[in-house]
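Participant: Single-letter residue listing:
2 protein chains.
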Amino acid sequence: MDAEIIAVGSELLTPERLDTNSLWLTAQLNALGIEVVTKMVIGDDRERLAQAVRTVLARSPLLLVTGGLGPTEDDVTREAVAEALGRELVFHPEILAAIEERFRRAGRVMAEINRRQAFLIEGAEALPNPVGTAPGQWIRLDDRAVVLLPGPPGELKPMFTDHVLPRLRAIAPPLVIRTRTYRVAGIAESDLDQRISPVYKRYANLSTTVLAAPGDIQVHLRARCQDEREAEALLQEVGHQIEAILGDRIYSPGEPLEVLVGNLLRQRRATLAVAESCTGGLLAERITSVPGSSDYFLGGFLVYSNQAKRDLAGVPASLLEEHGPVSEPVARALAEGTRARTGASYALAVTGIAGPGGGTEATPVGTAYLAVAGPEGTSARRFRFLGDRERVRAFAAQTALDMLRRRILGLPEIPGLAPS
Amino acid sequence: MDAEIIAVGSELLTPERLDTNSLWLTAQLNALGIEVVTKMVIGDDRERLAQAVRTVLARSPLLLVTGGLGPTEDDVTREAVAEALGRELVFHPEILAAIEERFRRAGRVMAEINRRQAFLIEGAEALPNPVGTAPGQWIRLDDRAVVLLPGPPGELKPMFTDHVLPRLRAIAPPLVIRTRTYRVAGIAESDLDQRISPVYKRYANLSTTVLAAPGDIQVHLRARCQDEREAEALLQEVGHQIEAILGDRIYSPGEPLEVLVGNLLRQRRATLAVAESCTGGLLAERITSVPGSSDYFLGGFLVYSNQAKRDLAGVPASLLEEHGPVSEPVARALAEGTRARTGASYALAVTGIAGPGGGTEATPVGTAYLAVAGPEGTSARRFRFLGDRERVRAFAAQTALDMLRRRILGLPEIPGLAPS
Numbered sequence: 001m002d003a004e005i006i007a008v009g010s011e012l013l014t015p016e017r018l019d020t021n022s023l024w025l026t027a028q029l030n031a032l033g034i035e036v037v038t039k040m041v042i043g044d045d046r047e048r049l050a051q052a053v054r055t056v057l058a059r060s061p062l063l064l065v066t067g068g069l070g071p072t073e074d075d076v077t078r079e080a081v082a083e084a085l086g087r088e089l090v091f092h093p094e095i096l097a098a099i100e101e102r103f104r105r106a107g108r109v110m111a112e113i114n115r116r117q118a119f120l121i122e123g124a125e126a127l128p129n130p131v132g133t134a135p136g137q138w139i140r141l142d143d144r145a146v147v148l149l150p151g152p153p154g155e156l157k158p159m160f161t162d163h164v165l166p167r168l169r170a171i172a173p174p175l176v177i178r179t180r181t182y183r184v185a186g187i188a189e190s191d192l193d194q195r196i197s198p199v200y201k202r203y204a205n206l207s208t209t210v211l212a213a214p215g216d217i218q219v220h221l222r223a224r225c226q227d228e229r230e231a232e233a234l235l236q237e238v239g240h241q242i243e244a245i246l247g248d249r250i251y252s253p254g255e256p257l258e259v260l261v262g263n264l265l266r267q268r269r270a271t272l273a274v275a276e277s278c279t280g281g282l283l284a285e286r287i288t289s290v291p292g293s294s295d296y297f298l299g300g301f302l303v304y305s306n307q308a309k310r311d312l313a314g315v316p317a318s319l320l321e322e323h324g325p326v327s328e329p330v331a332r333a334l335a336e337g338t339r340a341r342t343g344a345s346y347a348l349a350v351t352g353i354a355g356p357g358g359g360t361e362a363t364p365v366g367t368a369y370l371a372v373a374g375p376e377g378t379s380a381r382r383f384r385f386l387g388d389r390e391r392v393r394a395f396a397a398q399t400a401l402d403m404l405r406r407r408i409l410g411l412p413e414i415p416g417l418a419p420s
Numbered sequence: 421m422d423a424e425i426i427a428v429g430s431e432l433l434t435p436e437r438l439d440t441n442s443l444w445l446t447a448q449l450n451a452l453g454i455e456v457v458t459k460m461v462i463g464d465d466r467e468r469l470a471q472a473v474r475t476v477l478a479r480s481p482l483l484l485v486t487g488g489l490g491p492t493e494d495d496v497t498r499e500a501v502a503e504a505l506g507r508e509l510v511f512h513p514e515i516l517a518a519i520e521e522r523f524r525r526a527g528r529v530m531a532e533i534n535r536r537q538a539f540l541i542e543g544a545e546a547l548p549n550p551v552g553t554a555p556g557q558w559i560r561l562d563d564r565a566v567v568l569l570p571g572p573p574g575e576l577k578p579m580f581t582d583h584v585l586p587r588l589r590a591i592a593p594p595l596v597i598r599t600r601t602y603r604v605a606g607i608a609e610s611d612l613d614q615r616i617s618p619v620y621k622r623y624a625n626l627s628t629t630v631l632a633a634p635g636d637i638q639v640h641l642r643a644r645c646q647d648e649r650e651a652e653a654l655l656q657e658v659g660h661q662i663e664a665i666l667g668d669r670i671y672s673p674g675e676p677l678e679v680l681v682g683n684l685l686r687q688r689r690a691t692l693a694v695a696e697s698c699t700g701g702l703l704a705e706r707i708t709s710v711p712g713s714s715d716y717f718l719g720g721f722l723v724y725s726n727q728a729k730r731d732l733a734g735v736p737a738s739l740l741e742e743h744g745p746v747s748e749p750v751a752r753a754l755a756e757g758t759r760a761r762t763g764a765s766y767a768l769a770v771t772g773i774a775g776p777g778g779g780t781e782a783t784p785v786g787t788a789y790l791a792v793a794g795p796e797g798t799s800a801r802r803f804r805f806l807g808d809r810e811r812v813r814a815f816a817a818q819t820a821l822d823m824l825r826r827r828i829l830g831l832p833e834i835p836g837l838a839p840s
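Going down the list, the protein sequences come from chains C and W. By the numbering used here, the letter at position 31 of the first sequence is numbered 31, and the numbering carries on one by one without gaps. Each number in the numbering used here corresponds to the 1-based position in the second sequence with 420 added.
Don't read these hints as lab results, they were simulated from the structure. A quick note: this is a predicted structure, and the numbers were derived from the prediction, not measured.
Result set (SDA-like, lysine to any residue): computed pairs, CA atoms no more than 25 Å apart in a straight line: (1) C:Lys157 with W:Ala632; (2) C:Lys157 with C:Pro253; (3) C:Lys157 with W:Glu810; (4) C:Lys201 with W:Arg437; (5) C:Lys201 with W:Pro435; (6) C:Lys157 with W:Arg809; (7) W:Lys577 with C:Glu11; (8) C:Lys157 with C:Trp24; (9) W:Lys621 with C:Gln51; (10) C:Lys157 with W:Glu431; (11) C:Lys157 with C:Glu79; (12) C:Lys201 with C:His240; (13) W:Lys621 with C:Phe119; (14) C:Lys201 with W:Leu438; (15) W:Lys621 with W:Leu595; (16) C:Lys201 with C:Ala244; (17) C:Lys201 with W:Thr434; (18) W:Lys621 with C:Thr14; (19) W:Lys621 with W:Ala664; (20) W:Lys577 with W:Arg525; (21) W:Lys621 with W:Asn450; (22) C:Lys201 with W:Ser430; (23) C:Lys201 with C:Ile250; (24) W:Lys621 with W:Met421; (25) W:Lys577 with C:Arg17; (26) C:Lys157 with W:Gly777.
Could you build all of it, start to finish, from the sequences and the hints given here?
Facilitator: Pasting the structure below:
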């Protein structure tokens, strides 16, 4: 089954913005055996959008339209699709009531323009939006379907998963797709691919995608087969080989490292604190992005200045003077001081130079010392991360979490660079 | 003048890849006063591509096609565009000679399939490609033009700059585009749009885009006029009215709030510290995402647990017991304790319930108390933010930064909800 995606929004036609929803949607559709054959971006222009909808529906059985469902005048998706289908927009008082209730709960009064969001195309089913005000819409036309989804990814994704996926499953021709994911830390993307590509390239009905974020690689295996047993057997066969190659660099079958580490801590009734210099809150932000992280995360110190390293985390002034703030002794002292002052089972510390300024020949931009202190003692390592400020910070936070994972599980430490 | 861009390549329809050439091309075209009105991504499918080319040429005077000019069978752009235009492909021996020469200089023999790249559409001008083998093509049709460009950015960009830009300058009607941006905090998107849309809708040659992130709205005005003076006058006229309506909710003409607040602090030689409970590092992460933030950011406390609020930031145990951790007195004590312990000029504190768990009837999910302590004293406010965990945290961090901006500039405080 073929699908087309239209992203609506004049901002997506500027030099600054891309439609990224279509990537996520494509992955979801592919998993059902649905191929995306064309993507379009159209501005907030009712006529143009209506024309595009007509063109797509003349050739493809499934159209997804994202964006343009907001309350303002330039949100034209409802009107344009109704026009293309030759249908009316129908006011739904129950949707309006839900939107009003949402505002009331927040102690606010709904603006009059939000009424626009209570209109559905004739014959459409409303797709509930627990996160925002705009409901989605599902419209079935003989053997075709049109789906309207809100633009913000935080609204689009749960709506698609909860309400569109089940409907598509019911209409997409049966092809069994089974997937397996490995999340991997402590290896570069090119290195990983060089090692595992000789394995996955041997299989025709397997597609493999390697997605890399700083310090964090996802290997997605996708088997498309006639039946479930065949698909599972294929994943088993390939997965076995990949696991043998990557070993303990594989940290989870899907969940991010902050979730995995959180679960390890919770299982052991252990607690965690952090001291962050160059990551400036990023490490704690990732840890606390996990609901329920208060079960194990106590808090810690943001030690951006030398004074904070000394006064807050208790790093001896002499260490700072002798070795400088970006050094192994200071990383150790940060971790140990944080552990002592918070009473946490484990403490992670990061001190480094995220750039673009501040590097020296001995300690270039991208240098970071990471330390973990725990009941078994303290270990620290020097790393050199490549890339801009954002990448260096992301690498440092990810690698710190991986050091903690290895410590808790009793795995060998990640090789860092020897201290200079 | 309107333009459309078609990116060709099946790899651009996978979940991993985006067409980014169109961003650069859009910036180039906009600078000439040419608007991009639709973007499309089409796979290596000759029929589909030919159909899309026909559709575009029926409605727009300029079409740019990127990619699909390589030597292999799945490079279908030449054939598809020729078919759409009803023209033949013509072999050019001088182009073949140039390609062969290129291979010879590299000490290699040209593969036979590269002959395909020596074909131009009847009537096309070849656009030289000093970086790769595929020439581009420029085809003039009465009052329309079609441009074929290679997909690799390193080939596309110099070819566009050297050979397409001068040709477009000769045919594009002289039109000047000038833009103005307002970044706005402390107002909901729907509320903002309801207030300013009566203004911007009155102007035909102005396009307005409203982009909303949690607590952070960008209003982009774009004036398309005959000359620069007219464009600037239009922006001035509309901008004046929008500024009068939004007042001190406008915080900057483009830079994000963490950059603006950083500059305000730096100008005043003031320093900042934070104490974060529900935002868990997000506020500090945003502040320290700005290069050079060590000029004013000292650090602070991650106070996820009650114990951390007490031991690290010095919140009296009696306050925590009496009012609970998510309360105005605790927010104040966090800000004041952090300011005292770090010696910073200003301290921001956030304590709240990001959810999904932890809410009560009196303190539902999304409730946050934000406080700012400074030389002028301490103020705290209760807010109720809507959305999931990520949104609540993003709203809280943004609103805390806005409280600090207002404090430093001596502006009235943002109205929060009255403490219950």
